[in-house]
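Turn these sequences into a full structure, and let the hints steer you where they fit.
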Amino acid sequence: MSERALSKASVPAREGRLWHLYVVETASRTLYTGITTDVARRLAEHAAGRGAKALRGKGPLTLRHSEPVGEHGEALRREAEIKRLSAARKRAWLARVQR
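For what it's worth, this note's numbering labels the leading residue of the sequence shown as 233, then goes sequentially.
Think of the hints as simulated: they come from the structure by calculation, not from any bench.
There may be inaccurate statements among the hints.
What the hints assert, rightly or not - Cβ-Cβ distance ranges computed for the label pairs, FRET-style: (1) Gly248 <-> Gly291: 18 to 28 Å; (2) Lys285 <-> Arg331: 18 to 28 Å; (3) Ala324 <-> Thr294: 15 to 25 Å.
As the list claims (entries may be wrong) - In silico DSBU-like links for lysine-lysine, alpha-carbon gap of 35 Å or less: (4) Lys315 <-> Lys285; (5) Lys322 <-> Lys285; (6) Lys315 <-> Lys290.
Bear in mind the structure is a predicted one, so any value in this text is a computation, not a measurement.
Using N, Cα and C, we set each Cβ at its ideal position, and we do this for glycine too.
Set out below in structure tokens:
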């Protein structure tokens, strides 16, 4: 088996698991959008400084939204769609989905 095939075989399959989109707000009111298969675990990683570099030292972090999306590819597309929004449009979207 090739080295590449071995490395792919050791990575857990992303498909078949339910992925979630989440939006976190930092202490400075910056919004961060991400995807994960376990929102609680991912928030704990962010809070411990083991998550995205963009959030390190920016706490406390507040979960503003989370939604089940589907498979990994669908979650990536949804994440890109939300990340393309301006901050104002993202806040307006959050206000609509939180009702």
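So, going through the hints one by one against the coordinates:
1. Between Gly248 and Gly291 the beta carbons are some 33 Å apart, a value that contradicts the proposed interval 18 to 28 Å.
2. In this structure the hint that Lys285 and Arg331 lie 18 to 28 Å apart at CB is violated, the actual value being about 33 Å.
3. Taken as a hint, the range 15 to 25 Å holds for the pair Ala324 and Thr294, whose Cβ atoms sit roughly 18 Å apart.
4. A distance of roughly 16 Å separates the Cα atoms of Lys315 and Lys285; the hinted pair therefore holds under the 35 Å criterion.
5. Pair hint Lys322 plus Lys285 holds up; C-alpha atoms about 21 Å apart against a cutoff of 35 Å.
6. With a C-alpha separation of about 19 Å, the suggested pairing of Lys315 with Lys290 holds against the 35 Å cut-off.
When the structure is compared with the earlier hints, violations turn up for hints 1 and 2 and for no others.
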